[in-house]
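Peer 1: Here are the chains, one letter per residue:
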Amino acid sequence: MSQVSRPLSPHLQVYRWQISNTLSILHRLTGVALALGGLALVAWLLALASGQAAFAGANGLLGSLFGQLALVGWTFCFFYHLCNGLRHLAWDAGRGFDKAVARKSGVVVVAAAVLLTVVFWAVALTRVVA
Amino acid sequence: MSLKSPLGRVLGLGSAGTGTEHWIGQRISAVAMVPLTLWFAVSLVTLPALDFYSVTAWVSAPLHAVLLILLVVALVYHSSLGTQVVAEDYLHAHGLRVVVLTVLRLLHVGLAVAGIFAVFLIATRAPL
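Just so you know, the protein sequences line up as chains A and B, in that order.
So for the first sequence, this note's numbering puts the first residue at 1; every next one is plus one.
So for the second sequence, this note's numbering puts the first residue at 1; every next one is plus one.
If you are wondering where the hints come from, they were derived from the structure by calculation, not from laboratory data.
Mixed in with the good hints, there may be bad ones.
Claimed, not checked - Quick partial rundown of chain A residues pointing at chain B, CB under 8 Å, derived from the structure: (1) 33; (2) 48; (3) 59; (4) 82; (5) 85; (6) 87; (7) 123.
The beta-carbon is built from N, C-alpha and C at its ideal position, and this holds for glycine as well.
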């Protein structure tokens, strides 16, 4: 075939990178990360069910540098997926489809996710210190 | 010219016919998780401490145990539906696709059982 190099759906080559597709990809990425977070949550509950030593081990793992990074990452993923999920539910109800509105709600979602992550850890760390 | 009716010509040519339940299930679990996850997040930062005894006592309260089980069920269901779509979108080799979809499904069933049983064990443990 002489025309195999023609653009095929979804025509990624002719689309300009913009906030709508970035946030859509981010929604999926954070969703996959949160699936792993769910695995960690169940593991944490199982450790608590298994006894003191197992729970101390799980908390030690979560308290390590890698564990702390994962927790902060999961927190952001959670708040982003939550806020953008509400945006998706509004779309499902047929609201907010207007191009300018959708762009604005996207910016609001990212700002809200960052803000909520900062507030969550500010509260959590203040309580650790207190 | 075909003598088939317009309806007869298109019947059976669509999707597998199970997409609607998948779509609605994903939304219902999402809506359920809005209050459940926020409750869990607020509880984590307002617990007096995150040591063995404090968390055990917190989980043991019947209301907390029920809410935690609901959270595990909604989360695992939502995760199962979501990761299924991701696998279906990116895996095109038939064999690999079937294997991954099967493993994902079994893994999520296992996660749900493990999460529910863990909460049950913590909540029914002999008084500390």
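Peer 1: Compare the structure with the hints numbered earlier in the document and write down the numbers of the violated ones, lowest to highest.
Peer 2: Hints 1 and 6 not satisfied by this model.
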